[in-house]
Amino acid sequence: MPYLQEKLMSAKNIARTVDRPGIIAYERMNKDLYKVAKKSVTYYSSSEFTTPLAAVGACILSHSKIVLLDNIHFLLSHLDPSKAELLYLGKPFLSKINYIFTVLF
Amino acid sequence: MFRKWTISSLAYYLFYIENKANDPLHVAPGKVHDPLINILCDECVVGGYTCAHSHGDVDSNFIINQHLEKVSVPLSSRAFPSFTATNTFDKKMSKVIGLDIRAQYAYSSTLPLPYGVPLLLSTINVPSMKKKSLIDVKGFCNAVQTNPTNLSVQTINIVDRMFKEEYYSVREFMRSRVLEEEVKQNRYEVIKCYSNYSPTGQINIRHFFVDAYILLKKKHHKKIILFQYNGYTHGCRPSCRVKDAFTTENMQRRKVSYDKHETLLKLVNIWKRNSKNLEIEVIVKYPCDYLHTSNHHQDKLLVDAIPQQQSYQTFLEKVYANEYQGFLVVKNLQLQPQNSIPSMGFCVQRSEIDPKTMFTPHMKNTYHSVSKSSIAVVGLNNFKGIKVIHSSYFLFLKETFGFVENPLILHAVLYQHASFLKKEIDYQLQLRSDIKTKLKNPLLSSEERQILESSSSRAKLQINSSYGFTLLKQGKNLLIVYENN
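Residue numbers (my numbering), protein chains in the order written: chain W, 1 to 105; chain E, 1 to 485.
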């Protein structure tokens, strides 16, 4: 996940940035050169973030996933696999590939 | 007087703050400005509930679970008691039964949800941090590869001092003055409650921010209490005896603050003169007012409840004990193979799907128009790479399947959690249930039936909006910010 930004800085400039917010790591490359890791990413920081309540929505989705998976798990663990198979769950529309919850193994 | 509506306060006001709008102690989910926290929360948003397990044509010739003959991993009898070594997969399908797992979003919205200000924790390398405020990146990487328990967890975002002081001050005012004195002793009822932390947002009088605005009512008498917290940037109270209270800088700050306060009082006097049966009180508090009180730090913010630095093992134990709740950035989390079943992956994630190599013949036949690789929501038995999941999901996976190795959590965005939507959602569900019962009456006229059906649809829309609204993007122009003069 590319949320770290790396930058090379000289030893002279490094002292000025030690307390700057957003800087989370330094790595010394050689005597005069440091690699600096920042937590901001250019393409995300172009504007203020756009989903102010994403945390609430993500949490609701996580809870609902647990409900669904818990039910599936119950079925899978108690159905006789030689007599019943869980073939398909959810609404019968699969028009958009982005929303297919499929199985890979 | 005007109110500035924010995106979050508007959304919450329209959909679910009705029952919490005037609760003085309720804290609304705050808008977060930290880009990393926002990115992590956004990465955790994984929708998609359609689940397909496709082999080919599903008809009377379809052999049930034929693919499981190839399974070589021994499944544990504890986890899957019905799956035994003697299972033979030669039976053909006789009928299809439809199963419907209902009310997930509605029920999920009633469970504990994040609110308040998040805290960002990062896993770091301890010895270097103790030496100086630099992280030894190579050492960190080595520890991650070999033994993450040697690492430590450090709080990254430090909540603004002003925010903290104001939060505790407003909470103390709400608790002791409003609830204890006015509501409990003087029998007032809270009609309106506006603050920076309540879902309805902060109120302004002209260009003055008011930290808390409380409208109380007892029969025909109304009382408004305006609460203002003047933090350290406003200087100290004139009667303050703190040694450094009379510095030049402090005096200048105090003068500006006092001028503003005088103007506010003049406005309040005009307001009083033009209102009947209305009492207005302005309360101003300074940091020095709390110097000798120790109990105003109740309902601690996460930043004060969680240590600045702790060992990785302690952090993990707290997550396992559900004491730390929020979003976790996990790396290569793998479920116990003997507890996993190969027909279904329980680690739901966005992943790159290549139709050419990954689709079964049936899938290729059904989705022949899809040829390019794209991101899809899939279920696997491990989280490939770095993924963000909620701690409740993390615990569900641990308790149901167990993990192969000690999980590596690189970051955590912790929130306080509360079931603040339960009352409203339960009300809407009960309303819909009652309407459905009424609709069973065969004696209803077509007009009555139509009215009931539209009420039922409205209730359903409100329930569904409880989560959908939270994921709307500002950039889509579906949400607006406006001022209500």
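Derived from the structure by calculation, the hints contain no laboratory data. Be aware that one or more of the hints could be misleading.
What the hints assert, rightly or not - Some, not all, of what chain E presents toward chain W, calculated at C-beta under 8 Å:
hint, residue
1, V46
2, P81
3, K91
4, G116
5, P118
6, Y258
7, A305
8, I306
9, Q310
10, S311
11, F327
12, I389
13, N464
Unchecked claim - In silico EDC-like pairs for lysine to aspartate or glutamate, Cα to Cα no more than 16 Å straight-line:
hint, chain 1, residue 1, chain 2, residue 2
14, E, K372, E, E399
15, E, K164, E, D299
16, E, K422, E, E447
17, E, K217, E, E249
18, E, K192, E, D23
19, E, K218, E, E189
20, E, K398, W, D80
21, W, K83, E, E69
22, E, K331, E, D59
23, E, K92, W, D80
24, W, K83, E, D90
25, E, K91, W, D70
26, W, K83, E, E279
27, E, K300, E, D160
28, E, K91, E, D59
29, E, K222, E, D160
30, E, K460, E, E405
31, E, K217, E, D160
For each residue, glycine too, the CB sits at the ideal point set by N, CA and C.
So which of those numbered hints doesn't the model satisfy?
4, 6, 7, 8, 9, 10, 13, 14, 16, 17, 20, 22, 25, 26, 29, 30 and 31
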